[in-house]
Structure formats: C-alpha cells, structure tokens
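With the sequences and hints as input, model every part of the structure.
Chains as they are written, first to last, in this note's numbering: chain F, 121 to 454; chain Y, 14 to 154.
Misleading hints may appear alongside valid ones.
[Unchecked claim] Here are the simulated BS3-like pairs of lysine-lysine, each with C-alpha atoms no more than 27 Å apart in a straight line: (1) F:K359 with F:K271; (2) F:K271 with F:K362; (3) Y:K122 with F:K362; (4) F:K297 with F:K271; (5) F:K359 with Y:K122; (6) F:K372 with F:K271.
If you're looking for bench data, these hints aren't it; they were derived computationally from the structure.
These numbers were taken from a predicted model, which means no experiment stands behind them.
Listed below, chain by chain, are the residues.
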Amino acid sequence: MDAIDCDVHVAPESYEALFPYLSDYWRQYITEAGIRLNGMVAAYPRAVAAPAPSSYEALAEQVLDGRSVVLNCLTGFETHRNAYFGAAVASAVNDWVRDEFLARDPRLRASLVVSTLSPDDAVSEIERVGEDPRFVQVLLPVRGDLPWGHKTNHPTFAAARDRGLHVGLHAWGRAGKAPTPSGFTTTYLEDYLGNQPIAQAQVLSFVSEGVFERFPELRVTVIECGFAWLPPLLWRFDKDWKGVWREVPWVKRRPSEYVREHFRFTTAPAHLPDDPAVLDQLLEMLDGPGMLVYASDHPHEHGDGLTALLDRLSDEQRLRVMRGTAAELYGLAG
Amino acid sequence: MQTQLASMVAGGMFEAIPGLRVVLTECGLAWAAALTWSLDAAWKLMREDHPRLRRPPSEYIREHVWFTTQPVEEPDDPQHLLYAIEQTRLGDRLLFATDYPHWDFDSPKQALPRAMDASLRRAIFCENALDLYGLARERPV
Chain F
121 MDAIDCDVHV APESYEALFP YLSDYWRQYI TEAGIRLNGM VAAYPRAVAA PAPSSYEALA
181 EQVLDGRSVV LNCLTGFETH RNAYFGAAVA SAVNDWVRDE FLARDPRLRA SLVVSTLSPD
241 DAVSEIERVG EDPRFVQVLL PVRGDLPWGH KTNHPTFAAA RDRGLHVGLH AWGRAGKAPT
301 PSGFTTTYLE DYLGNQPIAQ AQVLSFVSEG VFERFPELRV TVIECGFAWL PPLLWRFDKD
361 WKGVWREVPW VKRRPSEYVR EHFRFTTAPA HLPDDPAVLD QLLEMLDGPG MLVYASDHPH
421 EHGDGLTALL DRLSDEQRLR VMRGTAAELY GLAG
Chain Y
14 MQTQLASMVA GGMFEAIPGL RVVLTECGLA WAAALTWSLD AAWKLMREDH PRLRRPPSEY
74 IREHVWFTTQ PVEEPDDPQH LLYAIEQTRL GDRLLFATDY PHWDFDSPKQ ALPRAMDASL
134 RRAIFCENAL DLYGLARERP V
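This is the structure we're talking about:
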C-alpha cells in the first residue's frame with residue numbers, strides 16, 4: 121500500500137527562483153528593496169531534517185518512495201503586508217510548483233496558494249489556476265487577519281467549491297500576527313503550540329458562520345495543528361450551541377456533526393499520551409480515526425506520535441488513515 | 014486559557030516561584046489532557062531551548078494548577094468526561110463552580126456525571142477547595 125502524504129513542503133531557495141514568473145516591476149521591487157526569504161530553516165532550528173526541497177530532484181531523493189504527495193509551499197506566508205506583492209507572489213509560487221514539480225511526476229498534487237490580504241485576488245488566482253486538477257485545495261494559513269469563516273472570505277470558498285477544490289488550513293501565517301489572543305509569546309515552544317488553539321478558533325469560526333451550510337461540498341483539512349484537542353472542544357461546542365443557538369440559526373445541526381463531516385486533520389504532529397490505554401480512550405472519544413489523514417510534514421520533525429497512533433489501529437483503520445480517507449477527499453485512486 | 018497556561022509553564026514561572034498556586038476559572042477542564050500531551054511532546058524536542066524547565070511541563074501543571082469545573086464539558090457519553098478527568102491526572106485539582114448567575118451556569122445537581130464515584134465527587138465539590146484554601150473542615154458551632 122502506498123500512502124498519500126498530505127503535507128510535504130517544497131520551497132524556492134530564494135525569490136530569484138520565482139523571477140521567471142514575476143514581472144519586471146516585482147523583480148526590481150525585490151532586488152532594490154533587498155527582500156529575502158527567511159525560509160523555515162530559520163524558524164524551526166531544532167527539528168528540521170533539511171531545507172524543504174527546492175527542486176524535483178531533491179523531492180525525489182528525500183521523499184518519493186511510491187507514495188502520492190500533496191505539496192505545500194508556504195513561501196507566501198512570509199509575504200509582508202503589500203497586498204499587490206502578496207498576489208504576485210502567490211501566482212508565481214503556483215506557477216513554480218506546477219512547472220518544477222507537478223509537470224514532472226503524476227503522483228504529485230499540490231495546494232494552490234492565494235493572497236491572504238485581499239479576497240478578490242484570492243478569487244482571481246483560484247480562477248486562473250484552479251481548473252488544473254493537480255491542484256486539489258486552496259492553502260490558507262491558520263493565522264489570518266480575520267477568522268476564516270468570516271463572510272469576507274466566502275467568495276474564496278465559492279470559487280474553490282466551483283472547481284471541486286477543498287481548503288487546507290496550515291499552521292503558521294503572516295509574521296506580525298500574535299500566536300495567542302493575549303499577545304506575543306517569548307519562546308518558540310509557545311509559538312509552535314499556539315497553532316493548536318488558533319486552529320480550534322478556526323474550527324469554531326467555519327461552523328458558527330455557516331460556511332458548510334453555504335458550501336456543503338467544502339472540506340477543510342487542518343494541517344500541522346494536532347487533533348488530540350478535538351473531543352473536548354466538540355463537547356463544549358455542542359453544549360454552548362444548545363444554549364445560544366438562536367444567535368446562529370444558520371447552524372442547523374449540532375456543531376460536532378459539521379466538524380465530523382467537513383474537517384480532516386493531519387497526523388503530524390500527533391502529540392499523544394504515552395499510555396496506550398489512554399490513547400485507546402482518545403480514539404474512542406474521536407469516534408475512531410475517520411477524520412485523520414497521514415502527513416509526514418517533511419522536512420519537519422514532530423516526534424514519534426504517528427507510530428504510537430498506528431500501533432493502536434486495526435489494519436483497516438490504518439489503511440484509511442494512510443491512504444483511503446485522503447484518496448476520497450482528493451479524488452485519487454483508493 | 015490554553016495559551017496562558019503554556020506561557021506560565023514555558024516562561025518558567027513555577028521554577029521562579031515554587032510556592033505559587035494558580036486557579037484557572039470558567040474555562041472547563043477536559044482540554045487540559047491534550048495540552049499536557051502536546052507540551053510534554055514538544056518539550057522533549059525542544060528542551061535545550063528551555064534550560065529553566067527542569068521537569069516535563071505536565072509536572073508543573075500537576076503541582077501548581079487547579080481548575081474550576083464550569084462550564085464543564087458534556088460529551089454524549091458521560092464516561093468520556095470521566096476518562097478526560099482521569100487523563101488529566103488532576104482529580105485532586107478540580108474545584109466545583111457554578112458561575113452563577115451567568116446563562117451557562119452549572120447546576121450542582123446535574124453538572125457532573127452520575128457515574129462519577131462518590132470520592133471523586135466529594136473531592137470536586139468540597140475536599141479539594143478545603144485543601145487549597147486551607148478552610149476549616151468542621152463547621153464552627
């Protein structure tokens with residue numbers, strides 16, 4: 121069985137690699153202002169195996185072993201607050217990913233990246249490249265300017281839905297956004313784990329703002345934000361919805377039902393209990409591993425949670441996590 | 014509240030002030046288990062960044078942090094809440110609270126699962142708070 125790896129990173133080594141896809145104006149802008157890509161190496165000092173592959177050859181050597189792969193390029197997450205620049209970089213990244221990777225191997229799929237600063241640019245980019253079936257989802261950073269369920273973003277979801285695309289919601293986001301509701305953190309540990317409560321807030325936002333009533337076909341994969349936190353969140357979400365449902369009449373079913381139907385979560389990082397019996401309890405609370413999809417998150421290292429998880433699953437469940445659920449999600453052969 | 018707790022632990026607050034006790038109020042409790050798993054797992058990867066932390070983050074939480082129950086999480090299967098309490102290993106750190114008069118107050122008669130054993134129920138309703146706040150166990154005559 122070949123896995124479907126739902127989160128493999130690729131990144132250009134520098135903005136210069138994107139120059140073939142940028143206009144003279146932006147090449148000059150980057151050169152004269154001395155804009156540089158920091159890359160994830162600088163952000164993840166102790167848990168990165170190597171820089172994210174910047175070429176098909178590097179990807180093949182480091183990752184490809186028969187598995188299918190969904191490529192995620194986070195380069196645009198670093199883009200500063202010039203909305204025109206954000207849109208230009210998003211287009212350049214998509215063209216680079218298509219030419220450098222997708223065109224060279226039929227096992228590859230990718231997330232389509234969009235500007236996170238202006239929804240109309242996001243829609244235009246989805247219209248420009250979203251018909252290409254090798255792009256399977258629209259990649260959004262979990263840290264944005266507004267919760268993603270906000271109506272401002274609904275045209276983005278409509279454009280995705282119209283092309284059979286889903287949404288990938290990935291950890292991290294634009295520099296300048298605090299990782300907690302109370303402000304900036306001191307340590308990387310807090311920043312890293314901060315992605316989880318932000319993802320929780322996004323889950324609440326998508327459901328509470330009625331995104332899935334408007335776009336019933338839409339699925340959202342939460343990437344690199346963990347999943348062990350989900351059961352208590354859903355217990356609380358259902359309980360509080362019962363108390364204030366009149367505020368959100370467009371939420372027609374229990375919130376947990378929308379989440380189970382529309383959300384998927386990648387297995388890296390897993391962050392699980394050490395005791396296998398407690399892990400069994402967690403899987404029971406999750407109602408099984410049906411929402412989980414395998415991801416290596418290459419080249420990042422999150423510990424051995426995946427192994428611990430797979431050890432507690434039946435053969436059939438393991439196949440679902442490693443391939444089946446993602447195959448259905450992205451329309452790949454099961 | 015999750016990020017505040019992570020901040021207190023990662024910031025070395027409990028190493029700096031060993032006698033400090035913190036009560037987290039009006040945020041429920043069941044989320045604590047997953048937070049401690051992720052703090053411990055991430056600390057294992059990054060402990061060199063945290064020379065001030067001498068023990069796994071979960072141990073600081075276990076020693077220094079109390080939780081009020083309201084709004085207590087209500088899973089479809091009440092047993093799951095009991096699992097969650099067991100998973101947090103914080104049975105002696107839970108304090109009952111109603112949050113009266115807010116709309117989402119918890120009734121002392123109904124909020125906790127009936128299947129909860131009597132000693133844990135008594136600890137949450139009474140014993141844990143008596144211990145934490147040093148209150149007299151006998152009523153004054």
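To see whether the hints hold, each was checked on the structure:
1. F:K359 with F:K271: holds, 25 Å
2. F:K271 with F:K362: holds, 23 Å
3. Y:K122 with F:K362: holds, 19 Å
4. F:K297 with F:K271: holds, 20 Å
5. F:K359 with Y:K122: holds, 17 Å
6. F:K372 with F:K271: holds, 18 Å
Checked against the numbered hints given earlier, the structure satisfies every one of them.
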